[in-house]
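When we follow the working numbering, the leftmost residue of the sequence shown carries the number 1, and every step to the right adds one.
The set of hints was computed from the structure by calculation and includes no laboratory data. All the given hints hold, so there is nothing to weed out.
Just the calculated beta-carbon pair ranges, DEER-fashion:
1. Lys89 x Asn13: 28 to 34 Å
2. Lys89 x Asp27: 27 to 33 Å
3. Ala68 x Asn13: 28 to 34 Å
4. Pro40 x Ala86: 16 to 22 Å
Keeping only pairs whose Cα atoms sit at most 25 Å apart, straight-line, the calculated DMTMM-like set for lysine to aspartate or glutamate is:
5. Lys65 x Asp27
6. Lys65 x Glu46
7. Lys65 x Glu24
8. Lys89 x Asp6
9. Lys90 x Glu50
10. Lys89 x Glu64
11. Lys90 x Glu64
Every residue gets a Cβ at the ideal spot worked out from N, C-alpha and C, and that includes glycine.
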Amino acid sequence: MLLQLDESTDISNDANLLSYVRYEHNDSITEDLLFCMALPTHTTGEAIFEVLNNFMSTHEIPWEKCVAVSTDGARAMTGTRIGLQARVKKMNPSIIWHHCCIHREALAAKICQKN
Numbered sequence: 001m002l003l004q005l006d007e008s009t010d011i012s013n014d015a016n017l018l019s020y021v022r023y024e025h026n027d028s029i030t031e032d033l034l035f036c037m038a039l040p041t042h043t044t045g046e047a048i049f050e051v052l053n054n055f056m057s058t059h060e061i062p063w064e065k066c067v068a069v070s071t072d073g074a075r076a077m078t079g080t081r082i083g084l085q086a087r088v089k090k091m092n093p094s095i096i097w098h099h100c101c102i103h104r105e106a107l108a109a110k111i112c113q114k115n
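Could you put together the complete structure from these sequences and hints?
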């Protein structure tokens with residue numbers, strides 16, 4: 001399975017962690033909303049990992065089933081020492097980390113607009 005994660009702040013200024021999952025089902029790739037859960041006020045790598053890991057544990061999803069994670073480029077997500085990436089890699093060192101292509105396109109579009 002592949003996890004896609006993003007932190008979002010809603011209209012009431014509450015932070016939420018959204019997770020989509022891609023997996024093989026009946027010889028095709030399926031994508032579903034896995035969860036949308038509240039985050040504490042500080043959206044640190046530790047807080048994001050805590051929410052994600054609790055979900056995985058509660059639903060008995062082993063980290064070994066996860067082959068890749070896709071996130072934006074925020075330090076809380078991609079930090080290799082204390083970010084989410086570092087914490088997830090401790091659970092499954094073989095997980096592949098991707099910078100979400102939609103976020104990369106948005107960053108590129110900002111640069112193009114300036115030029």
